[in-house]
Amino acid sequence: DAGVIQSPRHEVTEMGQEVTLRCKPISGHNSLFWYRQTMMRGLELLIYFNNNVPIDDSGMPEDRFSAKMPNASFSTLKIQPSEPRDSAVYFCASSQIMNTEAFFGQGTRLTVV
Amino acid sequence: QKEVEQNSGPLSVPEGAIASLNCTYSDRGSQSFFWYRQYSGKSPELIMSIYSNGDKEDGRFTAQLNKASQYVSLLIRDSQPSDSATYLCAVANFGNEKLTFGTGTRLTIIP
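Protein sequence lines, in the order shown, are assigned to chains H and B. Number 82 in the numbering used here belongs to position 82 of the first sequence; there are no gaps in the numbering. Number 73 in the numbering used here belongs to position 73 of the second sequence; there are no gaps in the numbering.
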């Protein structure tokens with residue numbers, strides 16, 4: 001298995017632009033997580049899905065952030081409009097339901113200028 | 001009080017010695033405990049999981065769990081320079097996939 005696949009690996013965008021991050025979980029995993037990592041706040045859970053259904057989005061910082069999982073093999077995290085304080089590394093992770101051993105993708109380093 | 005606390009370090013250990021990393025958690029309902037290793041610029045990588053009180057060994061790594069004290073630790077024997085990384089402690093409740101991470105301890109193995 002190729003593991004969790006994220007794209008793009010790096011994204012540089014101007015403030016106010018829309019940013020879409022993509023994730024393909026490990027085949028057979030039915031829980032998917034979006035995390036954000038910064039030096040100041042560490043690794044924060046933004047949202048997670050079970051069987052494509054959002055279960056907990058309490059970590060989503062504000063309405064500018066949205067996430068979807070239209071099918072078992074694809075998820076997006078969208079920021080619209082983006083702001084410089086959104087600059088961080090965004091990780092996607094997946095696991096099997098009821099098994100909290102989560103595996104991470106390589107991350108997307110987002111820079112908003 | 002943070003839910004999962006770790007000493008941020010840096011922790012410096014001579015090559016060949018034992019590195020000891022510690023983590024405390026606040027939620028007594030926590031049932032699942034994990035250690036992730038993260039190299040600079042890379043993603044977190046799961047290295048150990050532990051669910052019951054006591055020790056669990058895997059190669060040079062030993063995880064120790066004490067639920068009464070709400071304490072989990074990771075020991076790395078015969079430390080190698082390649083062990084230099086940030087180690088993240090993560091905790092979850094039983095049947096809940098949501099992981100809560102500590103801020104990590106940066107470990108440096110000195111040759």
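Think of the hints as simulated: they come from the structure by calculation, not from any bench. Hints may be right or wrong, so weigh each one.
What the hints assert, rightly or not - Simulated pairs of lysine-lysine, DSS-like, Cα-Cα distance not exceeding 30 Å:
(1) B/Lys42 x B/Lys98
(2) B/Lys67 x H/Lys78
(3) B/Lys56 x H/Lys78
Unchecked claim - Each pair of labels, with its calculated beta carbon distance range:
(4) B/Leu75 x H/Glu18: 43 to 53 Å
(5) H/Arg9 x B/Gly16: 32 to 42 Å
(6) B/Ser69 x H/Arg22: 41 to 51 Å
Said to hold, decoys possible - What the simulated footprint calls covered on chain B by chain H, stretch by stretch (three residues with Cβ under 8 Å from a Cβ of chain H suffice, anywhere in the stretch; the number is not a length):
(7) 73–81
(8) 97–111
We treat Cβ as the ideally placed atom computed from N, Cα and C, and that holds for glycine.
Each hint tested on the structure:
Restraint check: the Cα-Cα separation between B/Lys42 and B/Lys98 comes to about 21 Å, which is no more than 30 Å; the hinted pair holds. At most 30 Å may separate the alpha-carbon atoms for a hinted pair to count; B/Lys67 and H/Lys78 exceed this at roughly 39 Å. Of the pairs offered as hints, the one joining B/Lys56 and H/Lys78 is violated, with about 40 Å between alpha carbons and a cut-off of 30 Å exceeded. Checked against the hint of 43 to 53 Å, the pair B/Leu75 and H/Glu18 passes, with Cβ atoms roughly 46 Å apart.
A beta carbon spacing of about 36 Å between H/Arg9 and B/Gly16 agrees with the range 32 to 42 Å that was offered as a hint. Checked against the hint of 41 to 51 Å, the pair B/Ser69 and H/Arg22 passes, with Cβ atoms roughly 42 Å apart. A stretch counts as covered by a chain when three or more of its residues have a beta carbon under 8 Å from one of that chain; for the stretch 73–81 of chain B and chain H the count is 0, and the coverage is violated. Three residues within the 8 Å Cβ limit are the bar, and the stretch 97–111 of chain B against chain H gives 8, so the coverage statement holds.
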